[in-house]
Amino acid sequence: MSTITIDAWAAVARTQARPSAADTFRQTLAMAWRATKKMRRNPEQFFDVTLQPILFTVMFAYIFGGAISGDVKSYLPLMIPGILAQTVLTCSMATGTQLREDMDKGVFDRFRSLPMARISPLAGPMVADLLRYTIAATITFLMGIAIGYRPGGGVLGVLGAILLAVVTGWSLAWVFTCLGTVARSAQSVQGISMLIMFPLTFLSNAFVPVDTLPGWLAAFVRVNPVSHLVSADRDLANHAELTAQVGWTLVACAAVIAIFAPLSVRLYKRHL
Amino acid sequence: MTLAVHARGLVKVFGDVRAVNGVDLDIGEGEIFGVLGPNGAGKTTMLKMLATLLAIDEGEAAVFGVDVRREPHRVRQLIGVTGQYASVDENLTAAENLWLFGRLQGLGRRQARATAAELLEQFGLTDAANKRISQFSGGMRRRLDLAASLITRPPLIFLDEPTTGLDPRTRGQMWDTIRGLVASGCTVLLTTQYLDEADQLADRIVVIDHGRKVAQGTPDELKNSVGDLTLHLRLAAGADLSLAGDVVRRQLGGEPVLTPESGQLNVPLASADHVADVLIGLRQAGVALASVSVDKPTLDEVFLALTGHDAGETERPDPRPQAIPAQAPEKVTR
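These protein sequence lines are chains A and B, in that order. For what it's worth, full-length UniProt numbering labels the leading residue of the first sequence as 1, then goes sequentially. For what it's worth, full-length UniProt numbering labels the leading residue of the second sequence as 1, then goes sequentially.
No lab work stands behind these hints, which were simulated from the structure alone. Be aware that a few hints might be false.
Stated by the list, open to error - So these bits of chain A aren't anywhere near chain B, every CB distance computed over 10 Å:
1) 52
2) 62
3) 106
4) 201
5) 224
6) 259
Unchecked claim - Taking lysine-lysine and the PhoX-like style, the derived pairs with C-alpha atoms no more than 20 Å apart in a straight line are:
7) 296/B - 37/A
8) 38/A - 223/B
9) 105/A - 269/A
10) 213/B - 223/B
11) 38/A - 105/A
12) 131/B - 223/B
What the hints assert, rightly or not - Some chain A residues near chain B, calculated using beta-carbon distances under 10 Å:
13) 6
14) 8
15) 29
16) 38
17) 42
18) 56
19) 108
20) 109
21) 255
22) 266
Cβ atoms here follow ideal geometry from the backbone N, Cα and C, with glycine treated the same way.
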């Protein structure tokens with residue numbers, strides 16, 4: 001063993017009452033590093049961000065294209081931003097499931113026993129997930145372009161649309177992180193998340209024009225935050241326009257973070 | 001003088017089970033303190049409360065004078081916790097694990113790497129530094145787990161059953177490591193199911209059963225309370241067990257433990273010399289024997305003597321699950 005002798009009282013004198021902002025930041029980055037290592041070593045975690053956008057883009061384009069817009073090519077400007085929103089939201093769902101899985105592992109006992117900011121085990125993986133959202137969003141656009149989509153907004157418009165989708169996905173991930181801290185198992189997180197995600201994505205303007213819907217449904221679709229994201233992304237990708245829809249989307253994101261980030265940390269602490 | 005651990009009236013309730021039921025502890029600086037008890041006695045739960053991993057329902061605790069309930073963040077800077085199940089990351093290599101835990105505790109990148117290398121060397125894991133934990137043996141995991149608890153050289157180490165499931169050689173190495181920790185100035189709180197482990201390592205022991213402290217003392221005091229040795233007798237078929245019991249009582253004045261189903265009786269002995277007295281008495285009474293052996297007292301016997309029931313007994317006076325919820329309290333409490 002080492003010859004260094006331990007002075008308990010000096011250690012007591014050195015203790016800090018709470019983690020500083022710099023500590024929190026460094027710990028969050030360390031946890032993000034851990035999450036990226038994990039992703040690289042379990043490549044199947046990338047299936048949802050790679051295969052899903054490819055599959056859905058092709059499927060929806062050829063199934064609904066003719067029926068909704070007359071032909072596939074004129075449906076793409078309507079649909080691609082919709083698929084983008086759907087893909088990014090599905091990715092954010094995985095955040096909660098994976099957190100729950102992770103929390104059941106022995107290593108989380110160690111994280112709990114370390115003098116760490118309680119938000120870093122939650123925020124770390126979410127920082128790493130930014131990578132997943134970006135991959136998913138990029139693949140969606142590439143796939144769209146491959147089957148004939150020519151975004152009128154140009155490169156800047158498309159980048160703006162991707163950025164907005166990533167921000168929204170990241171904000172919504174706090175909802176699922178929160179679920180992850182309360183649910184009993186990864187399966188139940190998955191189940192509950194599906195129940196939230198399906199109505200949110202399909203009861204929106206993601207795949208169909210709102211004026212084809214009955215009045216009561218159109219009313220819901222108009223207030224659905226996913227519709228705001230889809231509209232904002234259409235304006236950005238197709239016309240390179242920053243419309244009020246972008247603003248509404250960001251307001252919704254801020255509200256979600258303001259509610260669910262502190263709530264998640266509280267619920268996580270309750271495990272202690 | 002301020003103690004390393006000072007706890008009064010610790011209580012933890014899971015549903016309607018009082019897993020820890022009013023335990024007091026005083027652990028001096030530099031001590032190896034053993035908490036001995038069977039599965040489900042409340043050892044792990046108690047350790048988790050002191051290590052800020054479980055909320056303390058009633059009572060109070062302080063680590064080096066720092067209140068565990070009010071200042072958990074400070075307490076976490078003073079402790080290292082090594083659990084029953086290796087709490088290291090399966091997806092990372094050994095070196096990556098130690099690096100991550102170092103970073104999380106405020107070490108710089110280079111310093112974290114140096115500390116990781118140093119600890120791997122110290123625990124004989126240098127060759128396995130870049131292997132993933134999923135390829136590690138049980139003993140290697142435990143060593144890595146303990147190494148991970150020592151990164152910041154905390155003055156108090158909690159070890160939850162550090163050698164359960166290890167082979168005898170690895171267990172011996174682990175014991176040496178623990179002794180080394182104390183030599184460098186650490187205080188160690190150790191839970192174990194094995195009397196010999198507590199005996200080998202601990203300066204003082206408490207025995208816990210049903211969440212309560214049933215005995216406390218040095219290993220010698222504890223063993224003396226059940227005799228230094230135990231004589232195991234198996235009677236020949238048809239021999240009279242109650243007669244044999246009477247002979248033992250008459251010869252030694254002590255109380256033997258009878259197991260009528262298998263025709264066995266266990267006799268606590270103060271000295272090996274008394275074996276002869278018992279055997280001669282049995283011969284004179286005409287009790288035929290099938291086998292005789294003399295052993296050190298087992299935890300079961302210590303338990304029986306202290307609590308009046310078996311350590312592994314499943315039927316208990318209060319309805320409590322055999323496996324304590326301490327391993328996964330979140331699943332039970334939610």
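Consistency of the hints with the structure:
1. The non-interface label for residue 52/A is consistent with chain B: the shortest C-beta to C-beta separation is roughly 23 Å, beyond 10 Å.
2. Against the 10 Å criterion, residue 62/A stays outside the reach of chain B, whose nearest CB is about 39 Å from its own CB.
3. Against the 10 Å criterion, residue 106/A falls within the reach of chain B, whose nearest CB is about 4 Å from its own CB.
4. Listed as outside the interface, residue 201/A is consistent with that label: its C-beta sits roughly 29 Å from the nearest C-beta of chain B, beyond the 10 Å cut-off.
5. Annotated as non-interface, residue 224/A keeps its C-beta farther than 10 Å from every C-beta of chain B; the closest such distance is 31 Å.
6. Listed as outside the interface, residue 259/A is consistent with that label: its C-beta sits roughly 21 Å from the nearest C-beta of chain B, beyond the 10 Å cut-off.
7. Annotation: proposed proximity of residue 296/B to residue 37/A is violated, straight-line Cα distance about 50 Å (limit 20 Å).
8. Restraint check for residue 38/A and residue 223/B: not satisfied, since their Cα atoms lie roughly 49 Å apart, outside the 20 Å limit.
9. For the suggested pair residue 105/A and residue 269/A, the alpha carbons sit about 16 Å apart, so the restraint of at most 20 Å is met.
10. The suggested pairing of residue 213/B with residue 223/B holds, with an alpha-carbon distance near 16 Å, which does not exceed 20 Å.
11. For the hint linking residue 38/A to residue 105/A, the alpha-carbon distance of about 14 Å falls within 20 Å, and the restraint holds.
12. Of the pairs offered as hints, the one joining residue 131/B and residue 223/B is violated, with about 43 Å between alpha carbons and a cut-off of 20 Å exceeded.
13. Restraint check, residue 6/A versus chain B: the minimum CB separation of about 4 Å is within 10 Å; hint holds.
14. Against a cut-off of 10 Å between C-beta atoms, the interface hint on residue 8/A holds, since the closest Cβ of chain B lies about 4 Å away.
15. Because the smallest distance between the Cβ of residue 29/A and any Cβ of chain B comes to about 8 Å, under 10 Å, the interface hint for this residue holds.
16. The restraint placing residue 38/A at the interface with chain B holds, with a minimum CB-CB distance near 5 Å, inside the 10 Å limit.
17. Residue-level restraint check for residue 42/A holds (minimum Cβ-Cβ distance to chain B is 7 Å; threshold 10 Å).
18. The interface hint given for residue 56/A is violated, since its Cβ lies 29 Å from the closest Cβ of chain B, which is over the 10 Å cut-off.
19. The closest approach between the C-beta of residue 108/A and any C-beta of chain B is roughly 8 Å, which is under the 10 Å cut-off, so the hint is satisfied.
20. The closest approach between the C-beta of residue 109/A and any C-beta of chain B is roughly 4 Å, which is under the 10 Å cut-off, so the hint is satisfied.
21. At its closest, the beta carbon of residue 255/A sits 27 Å from a beta carbon of chain B; the interface hint therefore is violated under the 10 Å criterion.
22. Evaluation of the residue 266/A hint against chain B yields a violated restraint, the C-beta minimum of about 14 Å exceeding 10 Å.
Violated hints, in rising order: 3, 7, 8, 12, 18, 21, 22; the structure is consistent with all others.
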